[in-house]
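> Residue-level listing of the chains:
Number of protein chains: 2
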Amino acid sequence: MPPSDPQRLSLNTATVKQQWTLAQAIEGCARHGIRGISPWRDKLAELGLKKAVSLIRSNELSVTGLCRGGFFTAKDWLDDNRRAIEEAHALEADCLVLVVGGLPECSKDLAHARERVQECISKILPEARQAGVPLAIEPLHPMQAADRACVNTLEQALDICDALGGGIGVAVDVYHVWWDPKLESQVMRAGKKRILAYHICDWLVPTRDLAFDRGMMGDGIIELGKIRNWIDAAGYSGFHEVEIFSELNWWKRDPDEVLRTMKERYLQT
Amino acid sequence: MPPSDPQRLSLNTATVKQQWTLAQAIEGCARHGIRGISPWRDKLAELGLKKAVSLIRSNELSVTGLCRGGFFTAKDWLDDNRRAIEEAHALEADCLVLVVGGLPECSKDLAHARERVQECISKILPEARQAGVPLAIEPLHPMQAADRACVNTLEQALDICDALGGGIGVAVDVYHVWWDPKLESQVMRAGKKRILAYHICDWLVPTRDLAFDRGMMGDGIIELGKIRNWIDAAGYSGFHEVEIFSELNWWKRDPDEVLRTMKERYLQT
Chain A
1 MPPSDPQRLS
11 LNTATVKQQW
21 TLAQAIEGCA
31 RHGIRGISPW
41 RDKLAELGLK
51 KAVSLIRSNE
61 LSVTGLCRGG
71 FFTAKDWLDD
81 NRRAIEEAHA
91 LEADCLVLVV
101 GGLPECSKDL
111 AHARERVQEC
121 ISKILPEARQ
131 AGVPLAIEPL
141 HPMQAADRAC
151 VNTLEQALDI
161 CDALGGGIGV
171 AVDVYHVWWD
181 PKLESQVMRA
191 GKKRILAYHI
201 CDWLVPTRDL
211 AFDRGMMGDG
221 IIELGKIRNW
231 IDAAGYSGFH
241 EVEIFSELNW
251 WKRDPDEVLR
261 TMKERYLQT
Chain B
1 MPPSDPQRLS
11 LNTATVKQQW
21 TLAQAIEGCA
31 RHGIRGISPW
41 RDKLAELGLK
51 KAVSLIRSNE
61 LSVTGLCRGG
71 FFTAKDWLDD
81 NRRAIEEAHA
91 LEADCLVLVV
101 GGLPECSKDL
111 AHARERVQEC
121 ISKILPEARQ
131 AGVPLAIEPL
141 HPMQAADRAC
151 VNTLEQALDI
161 CDALGGGIGV
171 AVDVYHVWWD
181 PKLESQVMRA
191 GKKRILAYHI
201 CDWLVPTRDL
211 AFDRGMMGDG
221 IIELGKIRNW
231 IDAAGYSGFH
241 EVEIFSELNW
251 WKRDPDEVLR
261 TMKERYLQT
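Just so you know, the protein sequences line up as chains A and B, in that order. The first sequence begins at 1 in the working numbering and counts up one residue at a time. The second sequence begins at 1 in the working numbering and counts up one residue at a time.
Be careful, since some hints might not be right.
[Stated by the list, open to error] Stretches of chain B that chain A covers, calculated by requiring three or more beta carbons in the stretch to come under 8 Å of a beta carbon on chain A:
(1) 109-117
(2) 134-145
(3) 151-163
(4) 195-207
[What the hints assert, rightly or not] Just a sample of chain B residues kept apart from chain A, beta carbon distances all over 10 Å, derived:
(5) K17
(6) Q19
(7) G28
(8) L55
(9) E60
(10) D80
(11) R82
(12) R83
(13) H89
(14) S122
(15) A233
(16) G238
If you're looking for bench data, these hints aren't it; they were derived computationally from the structure. Bear in mind that the values here come from a model prediction, so they are computed numbers and not experimental data. Glycine is no exception: its CB is placed at the ideal position from the N, C-alpha and C atoms.
Bound-form chain A, shown alone (with noise of 0.2 Å):
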């Protein structure tokens, strides 16, 4: 297989949450010679829209994606969507980041949740089509279905695209999806028009804790150059982006250790 390519190295700032802000995360991609990054919004509220903007282009790198709209559970979700899109637009975002939330606070239905999630994305979705901004849903493991999202599979994800049209496709997460039996005849389905955002981290084992036992690449299971190899096949030309919850081990470390070893595991892997 060829030789990843550093140049397509993201670091999406959920990597270095405790560590850093995102001024400090910009100026750590900038020193580290990584040439993308994936905001959190509730760093990007901190600095300030207009700061990050000025800092990210001072820098010369691409935004990746903006993390994160949807949770269509939520209150506020209309207006906080559109918030999102706004932000992606200014940033000049690859995508905007879709966890549509699991279920709704004393619910079971699933299957209403799940429609109700393609009719939140069907009325956001004219908004983001006009500022520019891809929509990108993130299937996310089956394990997080109640209480983060219930869109689970890409097969699921690419059938609500096929159901909206252009304007939206999905982010695929090697660590939500590296186990679907389908897997890869979804990321050839969803071919370079559907494949938004690529992310990258690796399943340990064993596994702690639900949400934020993460591995680094090589540390794990996941045939990273195999689903790689696919998403390239596809036609997905975009960025790697190195997305790592690790509450027991990459939290706890030094930032610039964390970003030395992402690159170096990402040009082995």
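Chain A is fixed; fit chain B onto it per the hints.
Same frame as chain A, now just chain B:
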């Protein structure tokens, strides 16, 4: 929906594995008017097969499954599965449940692991057919794909069944499949012929452990009534087996309380 039928309730002995031997579980079922039991093989070995058969018969219990065969990653998988088939035959079990195993040690090759599962099953299937023991592939939740079972959806399990022919079907455990967008359609595809066992419990929010934090029916978010109706509509007329791994709660309680509670909850859901 029609009320749950107490005659169809079965105890998977894992639910009280920390508290009771198999003999105690058999007597517990009889005491609580639970007509089905599904033993695990470690407990069966402790009691001895002959004694177990005798005690189960004298208490007029149905054996709704034997847990478990499979684990085709183990070195002695062939002998072990042969013994499991013999035991299931002696117990007149409705099926031998197959937990197929995850990735072999030091391997990340998921596709190969999955091919191997199908090959290994094809090797034991003739003996199982001859012994009159249906094999039930249990798709496990994707969060257990690496370490316990690389068959992770009902669709995938049914594809294997279709490739292998008769004498094989699936064990549908709500805990593993509740999140699946294709659950209803795949249950209907499975139908009477392929559904060999139906396991119930609940998915807790939050879930604190990837393996041992299952909930009692009613304590979580699984739509048990809806799924049971699908299973019924598909033609399944067997037992409803309660299987709860619960290190933090039910394994710590008085086992008579556990059986009383599972019976009450079963009748309510």
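> With d taken as the least Cβ-Cβ distance between D80/B and chain A, does d exceed 10 Å?
Nearest chain A Cβ is 22 Å from D80/B, so the label holds.
> Mind verifying the non-interface call on S122/B? Its CB should be farther than 10 Å from each CB in chain A.
18 Å, holds
> Confirm or reject: R82/B is not an interface residue toward chain A, with every Cβ-Cβ distance exceeding 10 Å.
28 Å, holds
> Taking 10 Å as the cut and beta carbons as the points, is A233/B off the interface with chain A?
About 16 Å separates A233/B from the closest Cβ of chain A, which puts it past 10 Å; holds.
> Minimum Cβ separation between K17/B and chain A greater than 10 Å?
Answer for K17/B: holds, closest chain A Cβ roughly 20 Å.
> With a Cβ-Cβ cutoff of 8 Å, does the stretch 195-207 of chain B contain at least three residues near chain A?
Per the Cβ count (4), the hint holds.
> Hey, is G238/B genuinely clear of chain A, shortest beta carbon separation above 10 Å?
G238/B clear of chain A: closest Cβ-Cβ about 25 Å, beyond 10 Å.
> Per the stated criterion, does the least C-beta distance between H89/B and chain A lie above 10 Å, as a non-interface residue requires?
With a cut-off of 10 Å, H89/B remains clear of chain A, as the shortest Cβ separation is near 31 Å.
> Taking C-beta pairs only, is L55/B more than 10 Å away from all of chain A?
36 Å, holds
> Does the claim that E60/B lies outside the interface with chain A hold up, using a Cβ gap greater than 10 Å?
For E60/B, whose nearest Cβ neighbour in chain A is about 36 Å away, the distance exceeds 10 Å, so it holds.
> Taking 10 Å as the cut and beta carbons as the points, is Q19/B off the interface with chain A?
25 Å, holds
> Is the nearest Cβ of chain A still more than 10 Å from the Cβ of R83/B?
With a cut-off of 10 Å, R83/B remains clear of chain A, as the shortest Cβ separation is near 28 Å.
Checked against the numbered hints given earlier, the structure satisfies every one of them.
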